[in-house]
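Asker: Here the protein sequences line up with chains A and B, keeping their order.
Following this note's numbering, the numbering of the first sequence begins with 136 at its first residue and continues without gaps.
Following this note's numbering, the numbering of the second sequence begins with 1241 at its first residue and continues without gaps.
I should point out that these hints are in silico values taken from the structure, not numbers from a laboratory.
Backbone N, C-alpha and C fix where the C-beta goes; we use that ideal spot for every residue, glycine too.
Hints are not guaranteed to be accurate.
[Unchecked claim] Over the 12 Å line for every Cβ pair with chain A, so calculated as not near, a few chain B residues:
hint : residue
1    : Phe1372
2    : Gly1397
3    : Leu1417
[Unchecked claim] Among chain B residues calculated to face chain A with C-beta under 7 Å, some are:
hint : residue
4    : Phe1258
5    : Ala1275
6    : Ala1301
7    : Tyr1303
8    : Val1352
9    : Lys1357
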Amino acid sequence: MTGHSHDHDHSHDHDHSILSEMEVRVRALETLLAQKGYINPAAIDRIIETYEKEVGPHNGAQVVAKAWAEPDFKAWLIQDATAAIASLGFTGRQGEHMVVVENTPDQHNMVVCTLCSCYPWTVLGLPPVWYKSAAYRSRAVLEPRKVLADFGVPLPENTRIRVWDSTAEVRYLVLPKRPHGTDHLSTTELAGLVTRDAMIGTALI
Amino acid sequence: MNGVHDMGGQQGFGPVLFEEVEALFHADWESRAMAMTVAMGASGQWNIDLSRSARESLPPAVYLSSSYYEIWIRGLEKLLLERNMVTQAELSAGQLIAPPVKVNKVLTRDTVDAALKAGSPTKRPISQPALFKVGQKVRALNMHPQGHTRLPRYARGHEGTIVSLHGGHVLPDQHTLRALPPFNVVVEWLYTVVFDGPTLWGADSDPTVEVTVDAWESYLEAVA
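Pulled out of the complex, with its shape left as it was, chain A reads as follows (with noise of 0.2 Å):
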């Protein structure tokens, strides 16, 4: 669960009848989107390539490295993550206001979007399926200790969780805590290290 697989599997277990239906109801409605001069099918495959090929959980592994590696870089993020997070060039859809939140030795930080799936497009791409589901959803602000239980995460008994519900248009990313030991590590190599699941808050490095 470290990245986005570009590997389209259609060998998934899935009812294939019922995605058929919606091939077919989908293409129907782009056609007849184009015939009526709403959609330009150049700039659909233009929005897909984009979200498949160039944003994604890589930009957020620059932003999360760069300030691990430069104080006032990470200072300038917390204070005003949407400015900080521009400068790198990572602006627009589902990121337009961006708020970082720090994790530190008392508190982890954990994002959900209880009302729908809002999540930070610009700095992590596309939610996966379980950040969309109902599942998730459901029990992220209930009993987030036994959510991270399923994703493998203990954390100590005594550490503080805070849940950000995504309720308005403000997007948030995790800052992991730097590992130990990677003093010595290129800020290229640091984002190498930062995984989609650690900007979720669902995942330690």
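Since the structure of chain A is already known, use the hints to place chain B on it.
Answerer: Here is chain B on its own, set in the frame of chain A:
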């Protein structure tokens, strides 16, 4: 609206399940559904709150039994039908029958990047001072509006503390009141409010848990 989408604290959905191999999309139609929703959003015929509201007001059984992008497609069809941008007959046929309505903007391959990079900020200038300050105790209103809202049920009626102010943001509850542009824009202060776990979930719940909610000013009242 006390919809089925308001899932925080509901029980019975089981463990969080992970995919052994994650895929960004699980079929081609999912990627088309995502991108069409983004592209049609850029047309300006509705706003993000109207699109959320369209998904959330699907019949509960439909919402719960639909996959994520299926909900997006059902929401998109609903938005298009409500505005007479398409007809049911056209959706069934997958063919144009009636002439199109005029839309504000159509994304092209050349304008996609700039549109995605710009996004749709909801922050707006606000002249009136904020009613609450950081550290202040507030109570989330016990309210159950018929229309769209972003105050989750689990927070309603409970006391919390202001953690931060985010400036003026467009209030979703009002932004959904007019279906077509110009939309009904009311700007209010937006706050992050933190609630103690036991305040929300009872005395026997995990005392190390805190939950924050982003709440517009009219969702909150001062605690004496």
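Asker: Take the hints in turn and mark each one as holding or not.
Answerer: How the hints compare with the structure:
no. : hint    : result
1   : Phe1372 : holds, 15 Å
2   : Gly1397 : holds, 16 Å
3   : Leu1417 : holds, 18 Å
4   : Phe1258 : holds, 6 Å
5   : Ala1275 : holds, 4 Å
6   : Ala1301 : violated, 13 Å
7   : Tyr1303 : violated, 10 Å
8   : Val1352 : holds, 4 Å
9   : Lys1357 : holds, 4 Å
Checked against the numbered hints given earlier, the structure breaks hints 6 and 7 and satisfies all the rest.
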